[in-house]
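So the sequences go chain by chain: L and U.
So for the first sequence, this note's numbering puts the first residue at 1; every next one is plus one.
So for the second sequence, this note's numbering puts the first residue at 1; every next one is plus one.
None of these hints come from the bench; they were simulated from the model.
You can trust all of the hints, since none of them are fake.
Identical copies carry no separate label here, and so any pair may be met within one copy or between two of them.
Once the Cα atoms are required to be at most 30 Å apart in a straight line, the calculated DSSO-like pairs of lysine-lysine come out as: (1) 7 - 17; (2) 113 - 86; (3) 177 - 101; (4) 101 - 204.
Since this is a predicted model, take the numbers as computed values, not measurements.
These are the residues of each chain, in order.
2 protein chains.
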Amino acid sequence: MNLMLLKSDSIENNVAKVSGRQLEHLTQVQRLTEGDFLNLGEINGTMGRGKITMLTDEQASISLELGVQPPRALPITIILALPRPKMLRRILQTIAAMGVKNIYLINSSRVEKSFWQTPFLRPESIEEQLILGLEQAKDTILPSVHLRKLFKPFVEDELTGIVGKSRAIIAHPGAEKPCPINLDSQVTLAIGPEGGFIPYEVEKLLSVGFDSIHLGPRILRVETAVPALLSRLFPA
Amino acid sequence: MNLMLLKSDSIENNVAKVSGRQLEHLTQVQRLTEGDFLNLGEINGTMGRGKITMLTDEQASISLELGVQPPRALPITIILALPRPKMLRRILQTIAAMGVKNIYLINSSRVEKSFWQTPFLRPESIEEQLILGLEQAKDTILPSVHLRKLFKPFVEDELTGIVGKSRAIIAHPGAEKPCPINLDSQVTLAIGPEGGFIPYEVEKLLSVGFDSIHLGPRILRVETAVPALLSRLFPA
Numbered sequence: 001m002n003l004m005l006l007k008s009d010s011i012e013n014n015v016a017k018v019s020g021r022q023l024e025h026l027t028q029v030q031r032l033t034e035g036d037f038l039n040l041g042e043i044n045g046t047m048g049r050g051k052i053t054m055l056t057d058e059q060a061s062i063s064l065e066l067g068v069q070p071p072r073a074l075p076i077t078i079i080l081a082l083p084r085p086k087m088l089r090r091i092l093q094t095i096a097a098m099g100v101k102n103i104y105l106i107n108s109s110r111v112e113k114s115f116w117q118t119p120f121l122r123p124e125s126i127e128e129q130l131i132l133g134l135e136q137a138k139d140t141i142l143p144s145v146h147l148r149k150l151f152k153p154f155v156e157d158e159l160t161g162i163v164g165k166s167r168a169i170i171a172h173p174g175a176e177k178p179c180p181i182n183l184d185s186q187v188t189l190a191i192g193p194e195g196g197f198i199p200y201e202v203e204k205l206l207s208v209g210f211d212s213i214h215l216g217p218r219i220l221r222v223e224t225a226v227p228a229l230l231s232r233l234f235p236a
Numbered sequence: 001m002n003l004m005l006l007k008s009d010s011i012e013n014n015v016a017k018v019s020g021r022q023l024e025h026l027t028q029v030q031r032l033t034e035g036d037f038l039n040l041g042e043i044n045g046t047m048g049r050g051k052i053t054m055l056t057d058e059q060a061s062i063s064l065e066l067g068v069q070p071p072r073a074l075p076i077t078i079i080l081a082l083p084r085p086k087m088l089r090r091i092l093q094t095i096a097a098m099g100v101k102n103i104y105l106i107n108s109s110r111v112e113k114s115f116w117q118t119p120f121l122r123p124e125s126i127e128e129q130l131i132l133g134l135e136q137a138k139d140t141i142l143p144s145v146h147l148r149k150l151f152k153p154f155v156e157d158e159l160t161g162i163v164g165k166s167r168a169i170i171a172h173p174g175a176e177k178p179c180p181i182n183l184d185s186q187v188t189l190a191i192g193p194e195g196g197f198i199p200y201e202v203e204k205l206l207s208v209g210f211d212s213i214h215l216g217p218r219i220l221r222v223e224t225a226v227p228a229l230l231s232r233l234f235p236a
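Based on the sequences and whatever the hints tell you, model everything.
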């Protein structure tokens, strides 16, 4: 954790009250005590630092000096075939850490039905992973994660509106064109499941304006492909 | 697994004998049977396909048609501060999958001493992770992994020889220059532990010709930074 993220309701008059996981991190991992400073941010707000003014076993009071804007978001919407639960958690962290603010988790023929039953898709579980990613990267803006359990109506009824005027690409091993680099436009990026989108799904995505691109001859796991794609698509 | 990798000693006269984990994968995950084909490669050799000619509960015989060269290696040597054991395994997989063939795992002030005790550093455990990465990416060439438990003698006595005429860079959040892109030269890339190299270590690396670069304002976990760096440094 490089930045502790606070919920708005824990802040009053520029003083934060911290308990639970965050208090434990503060005392056990960071080993801070009264008078110490730490990096802090308000979820969906600004960042800065705070001074611990009071510390008990149950709660810390922290006097805040916020006001620093979080880093710029990436101009991208990710359309991701729902990964297996364990990988889902890491990918949510990675996506949040890298500055993505809009994610659609969608169904695909190669997504196992059981993946939709995982408790890791509960809103509080998704938020937990996103916050871990933001705390790692030093950002405050929570990404929006949308679940779409039906591929066809999503593509036919909703995707055109999401794509808008953005550059729409599918990462697909074996595509002819390489992944573009250092784009300055808005991007919509579709990433298939392990094993890839099936041909019908690729056709549907092409039909609403997507273009297939590759990352080289190697087949990468989704959790490796995501940072590799984001890193090529936008300037550092 | 997109390619099953075979050890040379399991191949004789273009026929492979497969048992254990690989036999299980073949029958349980891929659900193959006699007469079926699968993608195969020989460790440090060529790739191609094989036909299952005999299948029992203990062993499969596979008739091989190899001869396809594996994909080009990345022209890079990675110098990586030893990550925590769980992350180490994933990073070894990622590095192998992305085509890195030379890795030095080194000590650094922020590497916990206990990390050097993990069984995941045993040669057979390292090889297992590397093979998983190669089988994912469809490659056959095993990377070389070198362990260096002392930072100073490594940098002073060995690193200059490793760097040679390559472009030597340290990935360091807060550096002034951004990560270069689409290089066609040989690269030596140093990556610190969580929390980064300490200033003394950065100084030592700069003194043997390294240059600091950043990946943007966000602080990424090592397992995210590695694919992000490799993806920017070299063309897709």
